[in-house]
Amino acid sequence: MAITREEVLHVARLARLALSDADADRLREQLGDLLEYMKQLDGLDTSGVVPTSHAVEMGTPFREDTVLPFGDPEAILSNAPDREDGFFRVPRIIED
Amino acid sequence: MADVPVHEWTLLEAARKVREKEISSRDLTGALLARIERLNPGINAYITVLPERAMAQAAELDEAQARGELRGPLHGVPMGLKDIFCTRGVRTTCGSRILADFLPPYDACVTEKVLRAGAVLLGKQNMDEFAMGSSTETSCFGATRNPWDVTRIPGGSSGGTAAAVSAAMAFAGVGTDTGGSIRQPASLCGVVGMKPTYGRVSRYGMVAFASSLDQAGPITRTVPDAARMLSVIAGHDRRDSTCADVPTPDYLAAVDRPVKGLRIGLPKEYFESGGLSPAVKAAVSKALSALIDQGATAVEVSLPHTTFALSAYYLIAPAEASSNLARYDGVRYGHRAKGASGLIEMMSRTRAEGFGPEVKRRIMIGTYALSAGYYDAFYGKAQKVRTLIRDDFTSAFGKADVLLTPTAPTPAFRLGEKTDDPLTMYLSDIFTIPCNLAGIPGISVPCGLSPEGLPIGAQLLSNHFREETLFAAAGAVERAVPLPRVSPIEG
Amino acid sequence: MEFEAVIGLEVHAQLLTESKIFCSCSAKFGAPPNENTCPVCTGMPGVLPVLNRKAVECAIRTALATSCSVQRKSVFARKNYFYPDLPKAYQISQYELPLALGGHIDIELPGGTKRIGITRIHMEEDAGKLVHEGEFAGAQASLADLNRCSVPLMEIVSEPDMRTPEEGGAYLRRLHDILVYLEVCDGNMEEGSFRCDANVSVRPKGREGFGTKAELKNMNSFRNVEKALEYEIRRQVELIEDGGSVVQETRLWDANAGVTLSMRRKEEAHDYRYFPDPDLLPLLVADEWVEELRKTIPELPAEKVARLSAGYGIPRYDAGILASSRALADFFEAAAALYRGNPKTTANECIHWKDVILSGRLSPGTIAHAVEDRESGTISATASKKLVELVLETGKPIRALRDEQGLTQLSDASALDAIVDRVIAASPKEVESYRGGKAGLLSYFVGQVMKESRGKANPKVVQETLKRKLG
Ligand SMILES: [Mg+2]
Ligand SMILES: [Zn+2]
Numbered sequence: 001m002a003i004t005r006e007e008v009l010h011v012a013r014l015a016r017l018a019l020s021d022a023d024a025d026r027l028r029e030q031l032g033d034l035l036e037y038m039k040q041l042d043g044l045d046t047s048g049v050v051p052t053s054h055a056v057e058m059g060t061p062f063r064e065d066t067v068l069p070f071g072d073p074e075a076i077l078s079n080a081p082d083r084e085d086g087f088f089r090v091p092r093i094i095e096d
Numbered sequence: 001m002a003d004v005p006v007h008e009w010t011l012l013e014a015a016r017k018v019r020e021k022e023i024s025s026r027d028l029t030g031a032l033l034a035r036i037e038r039l040n041p042g043i044n045a046y047i048t049v050l051p052e053r054a055m056a057q058a059a060e061l062d063e064a065q066a067r068g069e070l071r072g073p074l075h076g077v078p079m080g081l082k083d084i085f086c087t088r089g090v091r092t093t094c095g096s097r098i099l100a101d102f103l104p105p106y107d108a109c110v111t112e113k114v115l116r117a118g119a120v121l122l123g124k125q126n127m128d129e130f131a132m133g134s135s136t137e138t139s140c141f142g143a144t145r146n147p148w149d150v151t152r153i154p155g156g157s158s159g160g161t162a163a164a165v166s167a168a169m170a171f172a173g174v175g176t177d178t179g180g181s182i183r184q185p186a187s188l189c190g191v192v193g194m195k196p197t198y199g200r201v202s203r204y205g206m207v208a209f210a211s212s213l214d215q216a217g218p219i220t221r222t223v224p225d226a227a228r229m230l231s232v233i234a235g236h237d238r239r240d241s242t243c244a245d246v247p248t249p250d251y252l253a254a255v256d257r258p259v260k261g262l263r264i265g266l267p268k269e270y271f272e273s274g275g276l277s278p279a280v281k282a283a284v285s286k287a288l289s290a291l292i293d294q295g296a297t298a299v300e301v302s303l304p305h306t307t308f309a310l311s312a313y314y315l316i317a318p319a320e321a322s323s324n325l326a327r328y329d330g331v332r333y334g335h336r337a338k339g340a341s342g343l344i345e346m347m348s349r350t351r352a353e354g355f356g357p358e359v360k361r362r363i364m365i366g367t368y369a370l371s372a373g374y375y376d377a378f379y380g381k382a383q384k385v386r387t388l389i390r391d392d393f394t395s396a397f398g399k400a401d402v403l404l405t406p407t408a409p410t411p412a413f414r415l416g417e418k419t420d421d422p423l424t425m426y427l428s429d430i431f432t433i434p435c436n437l438a439g440i441p442g443i444s445v446p447c448g449l450s451p452e453g454l455p456i457g458a459q460l461l462s463n464h465f466r467e468e469t470l471f472a473a474a475g476a477v478e479r480a481v482p483l484p485r486v487s488p489i490e491g
Numbered sequence: 001m002e003f004e005a006v007i008g009l010e011v012h013a014q015l016l017t018e019s020k021i022f023c024s025c026s027a028k029f030g031a032p033p034n035e036n037t038c039p040v041c042t043g044m045p046g047v048l049p050v051l052n053r054k055a056v057e058c059a060i061r062t063a064l065a066t067s068c069s070v071q072r073k074s075v076f077a078r079k080n081y082f083y084p085d086l087p088k089a090y091q092i093s094q095y096e097l098p099l100a101l102g103g104h105i106d107i108e109l110p111g112g113t114k115r116i117g118i119t120r121i122h123m124e125e126d127a128g129k130l131v132h133e134g135e136f137a138g139a140q141a142s143l144a145d146l147n148r149c150s151v152p153l154m155e156i157v158s159e160p161d162m163r164t165p166e167e168g169g170a171y172l173r174r175l176h177d178i179l180v181y182l183e184v185c186d187g188n189m190e191e192g193s194f195r196c197d198a199n200v201s202v203r204p205k206g207r208e209g210f211g212t213k214a215e216l217k218n219m220n221s222f223r224n225v226e227k228a229l230e231y232e233i234r235r236q237v238e239l240i241e242d243g244g245s246v247v248q249e250t251r252l253w254d255a256n257a258g259v260t261l262s263m264r265r266k267e268e269a270h271d272y273r274y275f276p277d278p279d280l281l282p283l284l285v286a287d288e289w290v291e292e293l294r295k296t297i298p299e300l301p302a303e304k305v306a307r308l309s310a311g312y313g314i315p316r317y318d319a320g321i322l323a324s325s326r327a328l329a330d331f332f333e334a335a336a337a338l339y340r341g342n343p344k345t346t347a348n349e350c351i352h353w354k355d356v357i358l359s360g361r362l363s364p365g366t367i368a369h370a371v372e373d374r375e376s377g378t379i380s381a382t383a384s385k386k387l388v389e390l391v392l393e394t395g396k397p398i399r400a401l402r403d404e405q406g407l408t409q410l411s412d413a414s415a416l417d418a419i420v421d422r423v424i425a426a427s428p429k430e431v432e433s434y435r436g437g438k439a440g441l442l443s444y445f446v447g448q449v450m451k452e453s454r455g456k457a458n459p460k461v462v463q464e465t466l467k468r469k470l471g
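Protein chains in written order, with the numbering used here: chain A, 1 to 96; chain B, 1 to 491; chain C, 1 to 471.
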């Protein structure tokens, strides 16, 4: 199944993956091959089949509404690549 | 302690020897650390080895034992975990550059359970990056090699765990299996690998690849060892909404259960598969004969949608992965690209630098399969095919108690042989994938060696929550087909 | 050409739970940054969500109170997008199969009652908060506080049934009152527990189809919602009248400037790639559970207004003010039960002292005694007000204060007679004029008597006595 370079770049942008030109070309080819293989599913009639998202059939369990503080915000913040006054710091959101 | 042949002991033997004070946990741990120091450089089964921590743990367990306090069935026994299970304060990388320095502030449920059972943690084992792969070549910490032949791959993604257990660099390990990642490397390394029913073991703290398929399970050198390990890690956990609230049976007792009268189903589609090597076919036949000799009966069954499983899997798993791996954005933990001028650039470059090619490929397919206009044709369609595959198994289990198949189409292939051809690589999971889609349990048990002397595994599958039947059948194969327990790496 | 607006509102209400929707962190507002976080709500690797039962109950009770049908099976999905306030890079939200569908709310308008449809109610988790270093547009960096991440929200989506900003405001206030009545939301708009987005379009009056809509955000009070709607409707009409056309976009309300501004972000068209969250199984709601919860639904504002108005004979408008708060209405009913004389006066008093009552500083007995004494003529209206103020100051019982301060009125005709006689005797000229036809002078005499009695005389009795004596 042919997939265009524009599609590859669009999907990469949705997935926040910076691609070099070579990456984009290689992925266009590989994704095309894989999707071509997966097109075999088209040959299978699935009308009336209910989709399965979980192999287990039960309802989701609940937790009771009780607060159990994790108690160690520092352990969470200490992994941050950049932090400031208890916040996670990120570069400017609006780009030029 | 060099004169003590610790590598010849099984997990159960080692646990008994510690319990009966034939050996201290310190000596046992020291012996395995020495083995790791000697063998790991050539195999690369461990990403992180924890000598000080392991020795301190062993010392603490010995002291506890001196006070008459035994923690649990693994008291003092050294083992490893695939580097996908979070370990508090010990880096957990998932084989990825993006998590190369990640220090989890929490333990996975599996980590908690093995530690509570008294195990000593030797280290974190190598794996395909984010468990995406069938050869353990996609790890950013380098490929793991097969201890039976270091020019070959150990299988994947739990290749580090299978190789470590096979080379006796651990008495056991816990791996994860999304499409065969426990069973396939176990088969290729000549050890036992068990994927339990989806929901049998908590996924809490296990880095997610494809949430509806991922399941943790043991890799050991014997079937009884696997049964013991599963009873340690199985059980309900409130922190995982998909974890089943069912009792955990005595798996060890199930291993010795007679197989007389057991109906062994042979899915014809698996044996008609083009890529199946004659050596594998012959070895699996030996496993079947062993079962029949012990009173089981064989019956042919059909799983008509088998040929569609690979496609369905390679849409569902990457779709879930594309979402599960979106959190690695350089904001809260993990790698962050330097010098980006804005947020989008920071995130996009972080992910480009942090993920390897296979992970990127799957993120791309998954994003594509879920994106506007393609959802119904790809992801939606795959979910329907999943229903058909599950129904196939349901009807097969009407005729058979367990299904017997090859675990992998061929013995271990050479390093680099399939890295440039994703589809060929994906085809090595063709026999293991349908089980994950259906959520049923499966085990791979060694059943022979190829003419080149490479291990071959047989896969046994049973219905949901019938792991006991698998242990009984696998135990019967293991007893009838004696094979070396440890890879001949040092002769 | 005459235009009419088509308005639909989406309300995000924070559910009144102690803990978050998918983890055990506190859902309270106002903690130091990232204090109320854990591995789950900060999206660390391998962690998993587990649903808070209370949050589901709050949403089901809202569905019942707005006549929605609660779905036996609903599904949590992932809404995928990258943003630094969204740790997992997806929001867990109900999408294709929401918790509740197809309800309505009746709103009161000057012209009568109007029914506004509710399309759906679904549950989701909140995102975190970003603080920008400097103005948003020019900020070189932003800081993320993840305390709000995974706080439970309920999204209530209305049908596009409203035609004017007033209708929008009335719907929002009514919905707000219902949620607060149910105790499923604290209703605090400044802290963001009750937020509203609006979809607005205009079309020539009488036409069936819809025009292109704009989505309005960032309106944090009822008044701002109405003002933003007014502005936006005018903007769209003028645009069309000038030959232009409305663009589908998101616009932010700038309360200071009183305008809506386009939020032109340099971002790709959204493609959220929704799919069922594999970490959560379907939310199954048994009929028995719904019936249990139905029993906990209190009398709602609309029913309360009707009952108070009919039952106590008070105007609908007054009943509406009383019913705007469950606590105020309960207070009124308690006071009216203690003094059964004239509920209208009791209602007026409750409305007058509304804020003090809601702050919990008055008892129904105080108001009942104040009204009773006034009605019986024992105290004057002025004294009544003064006494309530003294109760608030001193905390002493109102009747003790009344006696202590000597604020009892002179109502006894015989006691007043002497004063009235004295006043008449002291003002012969005025008496002559009054008797000559200047009836307006009566108030002069009343004033003199009040002065003589140092304010204690009952003005009604004084008037009657004067009229009698002056002939
Ligand atoms: Mg929403
Ligand atoms: Zn939390």
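No wet-lab data here; the hints were simulated from the structure.
Any given hint could be a false lead.
Said to hold, decoys possible - Result set (BS3-like, lysine-lysine): computed pairs, CA atoms no more than 27 Å apart in a straight line: (1) 28/C x 114/C; (2) 418/B x 39/A; (3) 39/A x 268/B; (4) 469/C x 456/C; (5) 451/C x 385/C; (6) 260/B x 399/B; (7) 114/C x 338/B; (8) 438/C x 469/C; (9) 28/C x 213/C.
Status of each hint after checking the structure:
{"no.": "1", "hint": "28/C x 114/C", "result": "violated, 36 Å"}
{"no.": "2", "hint": "418/B x 39/A", "result": "holds, 22 Å"}
{"no.": "3", "hint": "39/A x 268/B", "result": "holds, 24 Å"}
{"no.": "4", "hint": "469/C x 456/C", "result": "holds, 20 Å"}
{"no.": "5", "hint": "451/C x 385/C", "result": "holds, 19 Å"}
{"no.": "6", "hint": "260/B x 399/B", "result": "holds, 16 Å"}
{"no.": "7", "hint": "114/C x 338/B", "result": "violated, 58 Å"}
{"no.": "8", "hint": "438/C x 469/C", "result": "holds, 16 Å"}
{"no.": "9", "hint": "28/C x 213/C", "result": "violated, 35 Å"}
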